[in-house]
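Q: All residue numbers for the sequence shown refer to my numbering, where the first residue is 3 and numbers rise by one.
Source of the hints: derived by calculation from the structure; they are not laboratory data. For clarity, every value in this text was computed on a predicted model and none was experimentally measured. All residues carry an ideal CB built from backbone N, CA and C; glycine is no exception. Wrong hints could be hidden among the right ones.
Unchecked claim - Now the in silico label distances, taken between C-beta atoms and shown as ranges:
#: 1; residue 1: M3; residue 2: Q123; range: 42 to 52 Å
#: 2; residue 1: S175; residue 2: H146; range: 16 to 26 Å
#: 3; residue 1: E49; residue 2: D147; range: 37 to 47 Å
Stated by the list, open to error - Simulated pairs of lysine-lysine, DSSO-like, Cα-Cα distance not exceeding 27 Å:
#: 4; residue 1: K83; residue 2: K162
#: 5; residue 1: K152; residue 2: K171
#: 6; residue 1: K83; residue 2: K4
#: 7; residue 1: K98; residue 2: K9
#: 8; residue 1: K9; residue 2: K171
#: 9; residue 1: K98; residue 2: K79
#: 10; residue 1: K98; residue 2: K143
#: 11; residue 1: K162; residue 2: K9
#: 12; residue 1: K171; residue 2: K143
#: 13; residue 1: K4; residue 2: K98
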Amino acid sequence: MKFWKLKMNDRNYLLVSVRREHMRDVTLCSEQMQQEHQSFAGSIVREDIRFQIVEDANPANLCSLEAVCCLGFWYMKQFEKDTCNIRMQERECRMKCFRNLVTLEIREHDTYRMPEVYEIQDDMHFSTPEGSETLIPVYRKAYHDDLLHKIAVGVSRGGKSLLRWSNNKIYLSAPVYMDYEGIVRKM
Numbered sequence: 003m004k005f006w007k008l009k010m011n012d013r014n015y016l017l018v019s020v021r022r023e024h025m026r027d028v029t030l031c032s033e034q035m036q037q038e039h040q041s042f043a044g045s046i047v048r049e050d051i052r053f054q055i056v057e058d059a060n061p062a063n064l065c066s067l068e069a070v071c072c073l074g075f076w077y078m079k080q081f082e083k084d085t086c087n088i089r090m091q092e093r094e095c096r097m098k099c100f101r102n103l104v105t106l107e108i109r110e111h112d113t114y115r116m117p118e119v120y121e122i123q124d125d126m127h128f129s130t131p132e133g134s135e136t137l138i139p140v141y142r143k144a145y146h147d148d149l150l151h152k153i154a155v156g157v158s159r160g161g162k163s164l165l166r167w168s169n170n171k172i173y174l175s176a177p178v179y180m181d182y183e184g185i186v187r188k189m
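All chains should be built: construct the whole structure from the sequences, respecting the hints.
A: Pasting the structure below:
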């Protein structure tokens, strides 16, 4: 079994390939995964790679953007691509990668839960105490209300992300790093 440890902002993720010879089935989980966890199934579009994301702090209908970005980063580096599409449940995400910077495209009509608490510091900085998913509705609303610039930095429990508005889409960018990789063999 092959594994990779990835890091996005201040969170660590562990990616495990169940079938080493084809790398078809992969599981991605946060390092702090608890006994009672939720999981999300998906696939990389036009590839025979199916994956499962296991997260410890999210409701069943929401997958953390950090996990999706880590999975996309791994795939693009593994197969030397600079873009990929990932499908989870009913949603398809498009991603680009330049060196260690992963950019996730979010459509205007994609829905994310608005947080109860958030703060706009100035026209280029805002924050929310919840996860990175909550940055998107805050940015969308504040941009439409002319409180935030076309490019802004959002800070959440997941770390810092750069958000940019273009062509009725939001682009969320953050660096992803490969900490280490290895192989676990049966004894």
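Q: Would you mind confirming whether the straight-line C-alpha gap from K83 to K4 stays at or under 27 Å?
A: holds (20 Å)
Q: With a cut-off of 27 Å on the C-alpha distance, tell me whether K4 and K98 pass.
A: Holds - the C-alpha atoms of K98 and K4 are around 24 Å apart, at most 27 Å.
Q: Does K152 pair with K171 here, judged by a C-alpha cut-off of 27 Å?
A: It holds: about 11 Å lies between the C-alpha atoms, which stays within 27 Å.
Q: Given the hint that K171 pairs with K143, does the C-alpha gap stay at or below 27 Å?
A: holds (13 Å)
Q: Given the hint that K98 pairs with K9, does the C-alpha gap stay at or below 27 Å?
A: Holds: K98 and K9 sit about 17 Å apart, inside 27 Å.
Q: For the pair we were handed, K98 and K79, check the Cα-Cα distance against 27 Å.
A: holds (11 Å)
Q: Quick one: are S175 and H146 within 16 to 26 Å, going by C-beta?
A: holds (20 Å)
Q: Can you tell me whether the CB distance of E49 to D147 sits inside 37 to 47 Å?
A: holds (40 Å)
Q: Starting from K83, check that the Cα of K162 is at most 27 Å away, please.
A: holds (25 Å)
Q: Can you confirm whether the C-alpha distance between K98 and K143 stays at or below 27 Å?
A: holds (25 Å)
Q: Taking only the CA atoms, is the gap from K9 to K171 under or equal to 27 Å?
A: holds (26 Å)
Q: Could one say that the CB atoms of M3 and Q123 fall in the range 42 to 52 Å?
A: Taking Cβ atoms as reference, M3 and Q123 lie about 45 Å apart, which means the hint holds.
Every hint from the earlier list agrees with this structure, and none is contradicted.
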